[in-house]
Amino acid sequence: MSYKIKLIMSVTGAAMLASTPALAQDAAPDAAFVFNTLLFLMGGFLVMFMAAGFAMLEAGLVRSKNVSMQCLKNIGLYSVAGLMFWVCGYSLMYSGVGDNGGWFGTPVPYSWPEAGATNEGDYSVASDWFFQMVFCAATASIVSGTIAERIKLWPFIIFTAILTGIFYPISGSWQWGGGWLSEMGFSDFAGSTIVHSVGGWAALTGAIILGARSGKYTDDGRVVPMPGSSIPLATLGTFILWLGWFGFNGGSQLAFGDNANASDVSRIFVNTNLAAAGGVVVSMILMQVVYKKVDVTMALNGALAGLVSITAEPLAPTPLLAIIIGGIGGVIVVFAVPMLDKFKIDDVVGAIPVHLIAGIWGTLAVPITNSSASFGTQIVGILAYGVFTVVASAILWTILKMTIGIRASEEEEALGLDKAEVGVEAYPEFT
Amino acid sequence: MNIVMAIIKPFKLDEVRKALGEVGVEGLTVTEVKGYGRQKGHTEIYRGTEYAINFLPKVKIEVAVSTDLTEKVVEAITGAARTDQIGDGKIFVYDLKQAVRIRTGESGADAL
Chain A
1 MSYKIKLIMS VTGAAMLAST PALAQDAAPD AAFVFNTLLF LMGGFLVMFM AAGFAMLEAG
61 LVRSKNVSMQ CLKNIGLYSV AGLMFWVCGY SLMYSGVGDN GGWFGTPVPY SWPEAGATNE
121 GDYSVASDWF FQMVFCAATA SIVSGTIAER IKLWPFIIFT AILTGIFYPI SGSWQWGGGW
181 LSEMGFSDFA GSTIVHSVGG WAALTGAIIL GARSGKYTDD GRVVPMPGSS IPLATLGTFI
241 LWLGWFGFNG GSQLAFGDNA NASDVSRIFV NTNLAAAGGV VVSMILMQVV YKKVDVTMAL
301 NGALAGLVSI TAEPLAPTPL LAIIIGGIGG VIVVFAVPML DKFKIDDVVG AIPVHLIAGI
361 WGTLAVPITN SSASFGTQIV GILAYGVFTV VASAILWTIL KMTIGIRASE EEEALGLDKA
421 EVGVEAYPEF T
Chain B
1 MNIVMAIIKP FKLDEVRKAL GEVGVEGLTV TEVKGYGRQK GHTEIYRGTE YAINFLPKVK
61 IEVAVSTDLT EKVVEAITGA ARTDQIGDGK IFVYDLKQAV RIRTGESGAD AL
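First to last, the sequence lines map onto chains A and B. Read in order, the letters of the first sequence correspond to residues 1 to 431 in my numbering. Read in order, the letters of the second sequence correspond to residues 1 to 112 in my numbering.
Hints in this document: simulated from the structure, not taken from any laboratory. Some clues are possibly wrong.
List of simulated lysine-lysine pairs, BS3-like, C-alpha gap at most 30 Å [as the list claims (entries may be wrong)]:
(1) B/LYS40 <-> A/LYS342
(2) A/LYS65 <-> B/LYS40
(3) A/LYS292 <-> B/LYS34
(4) B/LYS40 <-> A/LYS292
(5) B/LYS60 <-> B/LYS9
(6) B/LYS72 <-> A/LYS216
(7) B/LYS9 <-> A/LYS292
(8) A/LYS152 <-> A/LYS344
This one's a predicted model, so the numbers in the text were calculated from it and none came from an experiment.
Using the sequences plus the hints, can you model the full thing?
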């Protein structure tokens, strides 16, 4: 059967070559163009749906009095990111970065070839814009979970606009825009550092400036747990993020038009899955050994930490190394979550261990499997993104704190942000 | 007339209702409550932090009964709700001054 199809194809191919050589030559590059574009579009809508994953994960891990607010922040941040990435973000990240010394691009509203026009290059311009935009939105999603349950809506939205329109594009241009870090040889395949640790640094800075939820840490040094409202929602959110990650890592191959690229995208899929599975199993075993109970929220965080860990290099590792890299992500979660509580840094959903610490680990692990990367350059990259994002975020959080204020009043916090700011309760029939 | 109020383990509710029916009780009120007693609480763990649950879920039942039935009702509840484990609950009996059936206006023992 397959032999027959091959035969027919080779016959028609030969016939086309014989009769219209020009058409045959056009057909091959067009096929690559179509498949590359398809990879961007499919990867892009998978990553877009990670916004739903973040929304469900966070809705499940906040208390029921703040669930509406968390849903509102998530759909709000995704939309603000989408607008800001058009207004200035994309061009600040990708246009003329070399002309500006490799530090940032030239910010202008982006435009695409008009309707009906064919595109130059290896893929459609708009598909690339879409694919990069959803990565930018993912960065903002990371912040919302950490600082949940006590930050006011509008300061958070303003922070998101600046993060997605200016901070993320500037630092992103250093690597993905062809800037100074890419010249230096930094390696971050799909964004363990560029996306995840940047979101994590912004979240960490916000959590410190904002302070913990009231009642979270008592004067006598105890930590008061505030269990999330819905484990099924948090689990669904994690599975959605896991699904979206195939677009995140697989799409970052950026090409799908020939045998080698299609094979590499497939290899990325299986490595991504192995790393996430490793993160879950390691965190489950560690929870059993250390705490004698297997907290499901730690298994969920373990999956995400495994995914973030493999994101910097999902292509080169062997299957066993992918499992180990992801599994160390699971170790990070089990020990970093209680450690943050010791420092009184209140991270509601565990985004700092998952995205920041596992992001750093994943970036450091690249030279283990990819011989073109070096530990020195990886450390330079990690520090550059850390310093820039912490300083820029700290300035912005502080300005917002001193002007419009970032924190809900103690009374509003006790009442719940759903009643105080949204006016809609997530579960109005339970009193 | 008396009110017999009992705090019992939630999973014993159905057996208690059946036992009360057998001694002639025709109605009872049930409330889900939480309480603290000699059973103490237990500890749970969330994201690496252990915490104590001090108040345990219990069920409160209230039955209005005629004076001559009171002893039987107390015995029925004691028999049905007992597991011999700590935390089986308690029974309190107190005087009931008046009872009225709203639909008919009957009062006193006739209203029970």
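Consistency of the hints with the structure:
Among the hinted pairs, B/LYS40 with A/LYS342 is consistent with the structure: their alpha-carbon atoms are about 28 Å apart, no more than 30 Å. Between A/LYS65 and B/LYS40 the alpha-carbon distance is near 28 Å, which keeps this suggested pair within the 30 Å criterion. The suggested pairing of A/LYS292 with B/LYS34 holds, with an alpha-carbon distance near 27 Å, which does not exceed 30 Å. Using a Cα cut-off of 30 Å, the hinted pair B/LYS40 and A/LYS292 holds, with the two alpha carbons roughly 21 Å apart.
With a C-alpha separation of about 9 Å, the suggested pair B/LYS60 and B/LYS9 falls inside the 30 Å cut-off, and the hint holds. Note on B/LYS72 and A/LYS216: the hinted pairing is violated, with a Cα-Cα distance of about 50 Å set against a maximum of 30 Å. As the CA atoms of B/LYS9 and A/LYS292 are separated by approximately 27 Å, the hinted pair is consistent with the 30 Å bound. In summary, the hint linking A/LYS152 to A/LYS344 is supported, as the alpha carbons are separated by about 20 Å, within the 30 Å threshold.
Going through the hint list in order, the structure does not satisfy hint 6, though it satisfies all others.
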